[in-house]
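**Student:** These protein sequences, in sequence, are chains V and L.
For the first sequence, the working numbering begins at 1 and goes up steadily by one.
For the second sequence, the working numbering begins at 1 and goes up steadily by one.
Worth double-checking, as some hints may not be accurate.
Here are a few chain V residues that face chain L, going by a calculated C-beta distance under 10 Å [to be verified]: (1) Thr-7; (2) Pro-8; (3) Asn-51; (4) Ala-56; (5) Gly-58; (6) Leu-61; (7) Phe-64; (8) Ala-92; (9) Gly-107.
Since the hints were derived computationally from the structure, they do not count as laboratory data.
Small disclaimer: the values here were computed from a predicted structure and weren't measured.
Backbone N, C-alpha and C define an ideal beta-carbon position, used for all residues, glycine too.
Single-letter residue listing:
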Amino acid sequence: DSGVTQTPKHLITATGQRVTLRCSPRSGDLSVYWYQQSLDQGLQFLIQYYNGEERAKGNILERFSAQQFPDLHSELNLSSLELGDSALYFCASSVNPTGREQYFGPGTRLTVT
Amino acid sequence: DQQVKQNSPSLSVQEGRISILNCDYTNSMFDYFLWYKKYPAEGPTFLISISSIKDKNEDGRFTVFLNKSAKHLSLHIVPSQPGDSAVYFCAASMDNYGQNFVFGPGTRLSVLP
Chain V
1 DSGVTQTPKH LITATGQRVT LRCSPRSGDL SVYWYQQSLD QGLQFLIQYY
51 NGEERAKGNI LERFSAQQFP DLHSELNLSS LELGDSALYF CASSVNPTGR
101 EQYFGPGTRL TVT
Chain L
1 DQQVKQNSPS LSVQEGRISI LNCDYTNSMF DYFLWYKKYP AEGPTFLISI
51 SSIKDKNEDG RFTVFLNKSA KHLSLHIVPS QPGDSAVYFC AASMDNYGQN
101 FVFGPGTRLS VLP
């Protein structure tokens, strides 16, 4: 158990809909990272927050947005969902902004039908 | 364009023998590399890392070797155990803060008893 929690574990929704994925980092970790893993692909870095502020942006679509709240939990919002958005979404956390030892949550599996 | 490649999708090794997982990268600006292990239905787990100023880093049964001129790194597991059976991801970062990691597609290791 990494100490990072993600909810929900599974999500099935229809195209065009909007969903919110939630992540609680390990106690004491200030950085939160979001990744997308599509079928048979590696992890694609989406975005990083550090202590409430956006720190780095990767391959995140404009239809996606995220935020980190004062209690350090983070939410990833996915809107106007397409079939290709079906993937595993991982959240990770680290104590510092370098991210050189990230602890991953178990992931949320999103299925868009 | 894959900046981090793991050309072997899978690898089978006998218990007790050495497992060698390979990773190649194309961007010479990468200066920090990590290996993660992933079991089914779990998030990736950090294994070991190496900075570009080193060519070897060892942690117990795990050793990572870096050959900068060849843009190649490898993870050696000695001796391999059935519990090592998992998907292994190589990741690379190009800036001092390392928050924007590029992951390879992964290699599935099976350690046979």
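**Student:** State for each hint whether it applies.
**Tutor:** Quick rundown of the hints versus the structure:
no. : hint    : verdict
1   : Thr-7   : violated (14 Å)
2   : Pro-8   : violated (14 Å)
3   : Asn-51  : violated (13 Å)
4   : Ala-56  : holds (4 Å)
5   : Gly-58  : holds (6 Å)
6   : Leu-61  : violated (16 Å)
7   : Phe-64  : violated (16 Å)
8   : Ala-92  : holds (7 Å)
9   : Gly-107 : holds (6 Å)
In summary, the structure is inconsistent with hints 1, 2, 3, 6 and 7 from the numbered list given earlier, while agreeing with the others.
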